[in-house]
Amino acid sequence: MSSRRSRTITEEEINELISKLQSLLPETRRRGAGRASASKLLKETCNYIKSLHREVDDLSDRLSGLMATMDTNSAQAEIIRSLLRS
Amino acid sequence: MHNNKYLKENPNQPLLAYHFIQALTRINLAAHTTSTKQRSHIIKHAAYVSMAFAAGNKRTWTHAVLHNRFPIKTRFHRLSGSRRSFIVSLSRNKETLHQAHLLRSLVPGGHAMEFSSLLMETANYIQYLTAQVRLMQCIVEKFDMHV
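From first to last, the protein sequence lines stand for chains A and B.
Start counting the first sequence at 1; every next residue gets the next number (this note's numbering).
Start counting the second sequence at 1; every next residue gets the next number (this note's numbering).
Be careful, since some hints might not be right.
Said to hold, decoys possible - Cross-link-like lysine-lysine pairs, in silico, DSS-like; alpha carbons within 27 Å at most:
| hint | chain 1 | residue 1 | chain 2 | residue 2 |
| --- | --- | --- | --- | --- |
| 1 | A | K20 | A | K40 |
| 2 | A | K43 | B | K44 |
| 3 | A | K40 | B | K142 |
| 4 | A | K50 | A | K20 |
| 5 | B | K94 | A | K50 |
| 6 | B | K58 | B | K44 |
| 7 | B | K142 | A | K50 |
FYI, nobody ran anything at the bench for these hints, they're computed from the structure.
From a predicted model like this one, the values you see are computed outputs, not experimental measurements.
Chain A extracted, bound-state conformation (with noise of 0.2 Å):
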């Protein structure tokens, strides 16, 4: 079967991608530089994951607390309107 070149991995494209993951935790989480590090880079991801699950969950809860409370149509209105501002 041949393997077609665009789906071939390199190297390079592996430190890029880890060093992407990297960037992407929040600067609290990150660890020194280096591919000595990538099972600590991994356990780093994985807490952020968990914590950005826990907020979802979170704000869902506060969400649907102030369902219950409040007028929807000028909220909702004002809320589309800034953030299509943004």
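Following the hints, put chain B in place on chain A, whose structure we already have.
Below, chain B without anything else, positioned relative to chain A:
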């Protein structure tokens, strides 16, 4: 090159907002029939669906979210000698293998991806997760003002 699109994409914020707010509108219309806790689950589900819609169907993780199952396992790509040795050496490290396994459980569809795809999908997934969190924070702030 094919792989570069994973590295350059930024989340489509307006599209994300559009999908999510539409969902919130529907959820709010039925608010009187749902408990706060039920609604929280529905909102959370809507958040992940909006993320997946906005990110598009070309990603493995979006497919896993929208269809609620892992996609068919992707073919392992054959690597030539020297390139393969890098990835093999990376994954011979027990600790790295272990962390990669944990990561696969956190990224939707993660268990069906080969290692380099896992890295790309994770980066993309994190970008959309952070965009979604920012969107929800923004909405909560706005709601808070009007209450």
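Hint numbers not upheld by this structure, sorted from lowest to highest: 3
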